[in-house]
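With chain A held as given, fit chain B onto it using these hints.
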Amino acid sequence: MKTLLAIREREYEWVNQTFPSIHPLLLPICNKPFTEFLIDFAILAGSTEVRLLSDGPLAEVKEYCENGSRWGVQLSYATLQADDSLKDLLDKNRRFCGEDRIMIISGFCFINYDKQRGYASIMSQMPAGTCVSCPGGSIILAGNQETLSRNPPEIPLSLLPLDEIGSYFRISMETLENGSARYVLPGYGNEPECAIGRNVIISKTAEIIKPVSIGNNVQILSGAIIGPACIIGSNVIIDKESSVKKGVILDNTYIGEHLEVKGRIASGNMLIDPRSSASIAMEDPHLLSGIKAAGKSGTAGRKTVHAIAAAILITMQLIPFLLLFPLLKLQGRWCSGTTTCHADSSGKTFTLPTAEITGNSPAGSLAAAISLDRLPLLLRVIIGQLTIIGSSPIPASGETGDKPSAKSGYRPAVFSYAEAEDWPVNSSDAAIVERYYTIHSTPLNDIGLTMKALLNKLYEHNAA
Amino acid sequence: MIITETPEGCITIVALNGTLDASTAPELQKSPAINNASQTVVIDMEHVDFLDSSGLGSLIGTLRKKRNMSAETLLSCMNERISQVFEITNAHRLFHIFDDTSAAVDYATQLNSRK
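Quick note, the sequences are listed as chains A and B, same order.
To convert, note that position 253 of the first sequence is 253 in my numbering; the numbers rise steadily by one, no gaps.
To convert, note that position 53 of the second sequence is 53 in my numbering; the numbers rise steadily by one, no gaps.
Chain A extracted, bound-state conformation:
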């Protein structure tokens, strides 16, 4: 048998909003990434090959799961479209499916299975069709049953939708309390219901009350009380005299001194109430939540190269600017203003100067052709607020005021990568080009692309 795991981005959108630093398919449930539970179940059901399908980004999942050799299965990846039907999925993966029996696990749901049960034999006797379903998810079998049976057995499993933070919290707690016998969970421990990862330092005066699951690289300082019913992720510090009861502390979190976390989820510097989804920011003096974000921002090398290029461009544009700007200003053709844009994907904003050359005069056309309207923005490259080429700045208000996605690699810039290409005809095309170059372009490539954008503007105005 082979398994298709089909998970659509809209089904896990809430995870992106609640835990922006975690890939939804790697959302830890009792310190085990969500996708691993699906793979485990596929193996229990007798699958030798698994394919993960999604319309969202899969790069982080591929990096984590690789080719599946760690589980002894062949794991591959493919894309789907949000409105693909079951038949479409089977058609689009025909080479993978071949003549084999296929189990399709669809939806962002947690499979409540039991590793002691013989799912392989049960599944082989099941006729084609839906085995189990829940709101937003299902397990469907396609192809003929491998073992003929008059009365197909009952399947000892259920599906639980992971559709909001409350269900995530509930499933995490249930997995902690009853899961050690049902699932393969990470961590080591001499006692049941107490799993501890690598490099965990527990103070002599700290108290651990079962059931608990503790990840790797964790420090629990003096007087801290952990449990009962507590899941602590990796790279976590629980400071002195703090207590965590019936809570989930996700990776890279610092719980300060004398804090009581009860029935809450802590992720990075956010403390979230799973019932109301309300959240507050906590103090994070160790910057545990910031380590990842800092690594993703622009490198010093790129900023230096861009600043030098901006300085050269400013020098080149200075004389034309001094000649044309007073003329255009007098004619009323140079309109300047400001706009508030997103500085990065965290929600921070900044105000940028804007310049627009209106009307159709020779001086205006010349100024637009040599990109004089971008001169005020070039100064922002020198101080490191913008890059010379990257993403078009996204306005922080109005119709397009949506915050850029953390995974889009948003880098507000003077020129956009889309301006360096001839083909983009709308904003969706421009977004494709920007995403392409955000990943593929080096600082030196950026200089070439800036030249290309400048030339494109020159030709565009000459042609007009």
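Keep in mind the hints are simulated off the structure, nothing from the lab.
There could be a bad hint or two in this list.
[Unchecked claim] No farther apart than 20 Å at their CA atoms in a straight line, the calculated lysine to aspartate or glutamate pairs in the EDC-like style are these:
#: 1; chain 1: A; residue 1: LYS87; chain 2: B; residue 2: ASP100
#: 2; chain 1: B; residue 1: LYS30; chain 2: A; residue 2: ASP422
#: 3; chain 1: A; residue 1: LYS210; chain 2: A; residue 2: GLU191
Relative to the frame of chain A, chain B by itself:
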């Protein structure tokens, strides 16, 4: 780049072999099945070893041109490297992508018969 066109009923399979970039994208645009806006095509990408933003642009341009004429552009047999480009740019949301050319042809035939 070598472009091979194979008619399959009312569908044409366009098999590409080589690099699809700024220098070869115009070649693809000139090929008869791609140029004919009302012709549904399955582009077999199995032997495409490199795709840059201009190549991507030519595929998206083809898709748009054909959809305006109620035709379709389907992609098949992408290797890992090429599918990564589609994934990071979100271009995979625009195309129907198959791992098997014959499945893509069947799908396109069904689409055509529904018209």
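Hint check results:
1. LYS87/A - ASP100/B: Judged against 20 Å, a Cα distance of about 14 Å means the pair holds.
2. LYS30/B - ASP422/A: Holds - the C-alpha atoms of ASP422/A and LYS30/B are around 17 Å apart, at most 20 Å.
3. LYS210/A - GLU191/A: holds (9 Å)
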